[in-house]
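Protein chains: 2
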Amino acid sequence: MPIAVRRLALALMLAPACPLALAQATMPARTMQQVLEASKPGDWRALDPRNTLYLDLAAGRVVIELAEAYAPLHAANLRTFAREHYFDGLAILRVQDNFVTQWGDPDAGEKDKARDFGKASRTLAPEFERGITKDLAFTRLPDGDVYAPEVGFSDGMPVARDPKAGKTWLAHCYGMVGAGRDNGADTGSGAELYVVIGQEPRQLDRNIALVGRVVQGMELLASLPRGTGPLGFYEDAGQRLPITSVRLAAEVPEAERTPLEVLRTDTPTFAALVESRRNRRDDWYKVPAGKIGLCNVPLPVRKPPVPAH
Amino acid sequence: MPIAVRRLALALMLAPACPLALAQATMPARTMQQVLEASKPGDWRALDPRNTLYLDLAAGRVVIELAEAYAPLHAANLRTFAREHYFDGLAILRVQDNFVTQWGDPDAGEKDKARDFGKASRTLAPEFERGITKDLAFTRLPDGDVYAPEVGFSDGMPVARDPKAGKTWLAHCYGMVGAGRDNGADTGSGAELYVVIGQEPRQLDRNIALVGRVVQGMELLASLPRGTGPLGFYEDAGQRLPITSVRLAAEVPEAERTPLEVLRTDTPTFAALVESRRNRRDDWYKVPAGKIGLCNVPLPVRKPPVPAH
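Protein chains in written order, with full-length UniProt numbering: chain A, 1 to 309; chain B, 1 to 309.
Don't read these hints as lab results, they were simulated from the structure. Beta carbons are placed, not taken as given, at the ideal position from N, Cα and C, and that holds for glycine. Treat the hints with caution; some may be incorrect.
As the list claims (entries may be wrong) - Below, simulated DSS-like cross-link-like pairs (lysine-lysine); rule was C-alpha separation at most 25 Å, straight line:
no., chain 1, residue 1, chain 2, residue 2
1, B, Lys286, A, Lys291
2, A, Lys164, B, Lys291
3, A, Lys164, A, Lys134
4, B, Lys286, B, Lys40
5, B, Lys167, A, Lys291
6, B, Lys167, A, Lys167
7, B, Lys164, B, Lys134
8, A, Lys303, A, Lys40
As the list claims (entries may be wrong) - Label-pair distances were calculated between CB atoms; the ranges are:
no., chain 1, residue 1, chain 2, residue 2, range
9, B, Ala165, A, Gly60, 26 to 36 Å
10, B, Glu256, A, Gly89, 42 to 52 Å
11, A, Pro300, B, Thr123, 53 to 63 Å
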């Protein structure tokens, strides 16, 4: 929290709740910290290595969970790109302040120099939205949204819904990863990816395929120097940040993996967490908002606890 | 826009509009670029040097416009701090990813080492909200808001309103600058300032005094390495970024000023700009959002045009 004296900073991590927001939340007011401390092992799920990409940079690792239920074609193509080592040695090309960081092949537009796609597809059917089905998880938030009739979470992903149209889609929140495309709706292959680094650019929703979200390492992508060319592209090749590699976690030796657990978003614990963030009643806050926007809900991540012996 | 090939990037700066959103917008569909190109000199206003702070860093200048109408006590105290050269040689202390960058006195908590406040006040009456009055500019946005009954712009500042309570307040959008405080509501003096560098932390609205917004130079504050201590504080003194100086523009020799104009938010041109962003119909966009959130509205800034002779 913004405060004047460093020593008091820690007090502001407390986030007490007032009773209940989501239907399934029936616990007394608690802080987010208390909610997480009281969580049970079943409130968490381990990232599935077959559904997790590691974007390795010299500065560290970015862990991306793929949104298989919303972008299965893109997820499959990204697994192929990873298997082909397509991204290794490519670069971060663009950082536009309050918008996106984007990476891919600097020579993508040059016929003779562009990197080969190998077995990956050059085009994919658009996965900008999908049908609402009964098997699709959805924990609805109570406070509405400027852009969509309903918003909430689906297996840890922020999503929007239009029940009348029977459609649902991933929402452009901070940390969401998408597949850049040209003007044609089917031109996004996953060969060029972007991540949201600012205020939710929700105008992109339903216009481009989001493919997942960054679960760890956002600071590595958000703190890069902004590009000075149009749209934040780096003007000099020397400004580009090289990508060491992109791998599917399942194809990385187990000792080199980054095991992480994320809080399940279909649990009473998550509902209590949302409520603790809607109404913050610690000593610092004077007026609890009583509301929360989709992209303001934190999604806790942790290292798997060491089993007791 | 996120796209696959660099050469096509420019096409995405186009942002055609469909007819009309705000009551005063009665022009045909245009792109944002077309709206700005058609703007008249009276659509712009020069920053008032008595109301503009320069935060100078080794990497460049951050220009902050003070929100005199919403935080007059804080604005006055900040002018005093600038006059006292209070911030010169102090530092950026905290960068918390997707939240805030904060600067002030690293030794503020240590009695013997803390920098003297000079003629500046140590405490100020809270300026978290104010009464709605007729003389206060307000251009309402048409699409609602999760957190407040009404939102819009007041002399270039994003604001929220509760007409029933007769209150209005500055909103925590990207680039907004606030005065850190401790738990006491009157403990924010402006000696420690923060700027929003991520998704709108609207839960802070009405809990702390916003004092203005960054008009130019946000990238200098948003691209800094994130602190690894609690709340993003830098753990080692060596990580802190020194502040060269903070000055009121009026007290800087004219040759050293940064003359800027901002688009007036009480004009049909601004209404047309909002509309051009609610509905983007260039070749890239497939589904215009038809909506816009308060913190998604861009606020154009330009160098004053050279007068024709």
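Now for the hints, and whether the structure bears them out:
Distance check on the hinted pair: Lys286 (chain B) and Lys291 (chain A) sit about 31 Å apart at the alpha-carbon level, beyond 25 Å; violated. Between Lys164 (chain A) and Lys291 (chain B) the CA atoms are separated by roughly 18 Å; this keeps the pair inside 25 Å, and the hint holds. Between Lys164 (chain A) and Lys134 (chain A) the CA atoms are separated by roughly 15 Å; this keeps the pair inside 25 Å, and the hint holds. Restraint check for Lys286 (chain B) and Lys40 (chain B): the C-alpha separation of about 31 Å exceeds 25 Å, so the hint is violated.
For the suggested pair Lys167 (chain B) and Lys291 (chain A), the alpha carbons sit about 18 Å apart, so the restraint of at most 25 Å is met. Of the supplied pair hints, the one linking Lys167 (chain B) and Lys167 (chain A) is violated, its CA atoms being roughly 38 Å apart against a limit of 25 Å. With a C-alpha separation of about 15 Å, the suggested pairing of Lys164 (chain B) with Lys134 (chain B) holds against the 25 Å cut-off. Simply put, Lys303 (chain A) and Lys40 (chain A) have alpha-carbon atoms about 14 Å apart, close enough for the 25 Å limit, and the pair holds.
A hinted range of 26 to 36 Å is violated for the C-beta pair Ala165 (chain B) and Gly60 (chain A), which are about 47 Å apart. A hinted range of 42 to 52 Å holds for the C-beta pair Glu256 (chain B) and Gly89 (chain A), which are about 45 Å apart. Between Pro300 (chain A) and Thr123 (chain B) the beta carbons are some 36 Å apart, a value that contradicts the proposed interval 53 to 63 Å.
When each numbered hint is compared with the structure, violations occur for hints 1, 4, 6, 9 and 11.
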